[in-house]
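Visitor: Residues per chain, in single letters:
Number of protein chains: 2
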Amino acid sequence: MNATTPTLLYQHLADDVASMIASGTLRPGDKLPSLREMRTRRQVSLTTVTEAFRVLEDRGLIEARPQSGFYVRRRPPLPLPAQSSPSPEPSLVSVNALLWRYMRIAHAGTFGCAVPAAELFPGAQLQKLTSEALRRHSHLLSDYGKPAGLDSLRRQIARRALGWGGRLAVDDIIVTNGCIEALSLCLRAVAQAGDVVAIESPTYFGVLQLLESHGVKALEIPTHPVSGVSLEALELATRHGQVKACLLTPNFSNPLGSLMPEANKRALVEMLAERNIPLIEDDIYGEFHFGRERPLPAKAFDTCGNVLYCSSFTKMISPGLRVGWVCGGRYQAKLEVLKYINSFTTPALMQQVVAQFLESGFDRHIRRLRRSGGAGN
Amino acid sequence: MNATTPTLLYQHLADDVASMIASGTLRPGDKLPSLREMRTRRQVSLTTVTEAFRVLEDRGLIEARPQSGFYVRRRPPLPLPAQSSPSPEPSLVSVNALLWRYMRIAHAGTFGCAVPAAELFPGAQLQKLTSEALRRHSHLLSDYGKPAGLDSLRRQIARRALGWGGRLAVDDIIVTNGCIEALSLCLRAVAQAGDVVAIESPTYFGVLQLLESHGVKALEIPTHPVSGVSLEALELATRHGQVKACLLTPNFSNPLGSLMPEANKRALVEMLAERNIPLIEDDIYGEFHFGRERPLPAKAFDTCGNVLYCSSFTKMISPGLRVGWVCGGRYQAKLEVLKYINSFTTPALMQQVVAQFLESGFDRHIRRLRRSGGAGN
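Sequences listed follow chains Z and P, in order.
Position one of the first sequence corresponds to residue 683 (our numbering), numbered consecutively onward.
Position one of the second sequence corresponds to residue 683 (our numbering), numbered consecutively onward.
Hint data in this document are derived by calculation from the structure and do not stem from the laboratory.
The list treats identical chains as interchangeable, and a pair is accepted whether it falls inside one copy or across any two copies.
Below, computed lysine-lysine pairings styled on PhoX-like, alpha-carbon distance capped at 25 Å: (1) K926 <-> K899; (2) K1016 <-> K828; (3) K1016 <-> K899.
Please take these sequences and the hints and turn them into a complete structure.
Guide: The structure is reproduced here in structure tokens:
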């Protein structure tokens, strides 16, 4: 889990390259020195250079071309907004009336939901897998199944979690009706009406609706478009025990798209664990990285079960499946009951289709999705 | 909606026949006088006799044999329990820890959930319909769809509601992940943590879990195994504004199986509307009647949108589909937002399968299910 990442060095290197691009010293299409050249010139380790390039890729400043090297991207990104400076007071959320008016006009899926275009989903494959699942597992339509979900799917999820350093067992996972049910259950598990929950500012409007519908107060934390939520501000805000929980998206939060550096994630997880403040992590965009390595979620640094990790296949495979999941850490037992009483089970056929797609086809599909830059349109 | 049902007469007649059976004057297998004979002997209207026989059928005392008439049932029912007499004080519910321990041992579907046996579900038909839906509506897997549900399904539900006197439009219906999500959303729409909600005593353990998970207090109302929740007790309990909402199952409540007489349902709905106390009605068993006519739900008497009507196809068609619905009355807009934020949408493929089954096959299937007495095992 990158315990020895030399944080400052790679950040410095990335910043240097970024400022050369900003000043026009490096122009769109220019080739960057190779990893080895860079290592020699800067007298740093290869890891440091790799990490710096990854940060630059994630910021959309450079791109890798197979068998060739790294290049400055041709279409320079738009200027970054400044770090947000929301009110330092927690307040009840009230967005639903306004949002709902617009949602009813727009089609549900088109209002800032950050879903890949429909043609990028593997429609034909899913159709085939569904027919197969029906034929081979005809009981899937007539059984309730386990509230926590199909073992076959939970096993696949646990296996894939190895990719981000997650050591999960089948029973650590509860399958949900999309990520939104996972987040909703987590919020119910850790906070009651009137409690204060810290969130990024700005955040996804669905998070605001969630807080409103549960009657909890939002404390907006300043958030930077590159590094994500401000740890300093969060440290201050959580100092006096008022904050009951945090609900954050460290990987590519919507709408800013910021990716929290790994050292920050580690610091975040440690600080919240020390203060006994659970972190609900929304990692729905974790697989949509531009760089070569999947960014670690905060959950990867969780040693005491304080992180409730939520994700979904909605944006990765297909919205119509409505299959998400949660790893509840030390709230797992509570979440199981809440899932049971919130919707009993998730449709087993949809779960089986996802399980089979994860077993065959998912990796190729997600690579294609990444290349297309389909996320975030 | 039976505005002129002569309540007392049919009740008297039914009670007379019941006591003749209890005393052995009428024995198992004995044929009852025909409707017309009965009318002449008792000097009452044909409606009164019909209604009395319906009540006796619902109590399991007599049965109709096609082209022959009514007979005293061969297997006399077990003696009825007395009306419950719970504590008159509202209290926080705390059943989850205990229940969950047992649920984890037993398979989820077998713990008093009142589901028909698996072989009574139309497995092959559903499989065929699912394959067809996949072929014809391939977008169902890749679209989010509307949060309120597929129009095709909502239209079928609205049409069928005519059978119980419901005048529903497509937009009056929200499709949910089973009845449990419908009930959960309703509870969130009408009550907050700490509020008092009146329920039947005894009630389905899922209702208790629901109340516990929302932190509301339960006020248990005495309930009779034949006539259901006591209107007198409920009248008293709701007199001083403490009760924020009622959550009741007027048709075949679980575990008692009591069927509230229609006049009581009407009185219930009127009283609660007058006192501005919303009624969450769980009508999941409404279609499982022994008699010839589907008992009306309380919703049939609702003139001002005070009844939030919940039901599901889980027990009627198949548990694995996870398709339920709610008609929220004057809480409809609030419920739409809550559904959106609780699970966004219900899997569209499952909805389409139910819609197609309702269009063809459902009526025959539900008649077969009724004949088998499959409910309640």
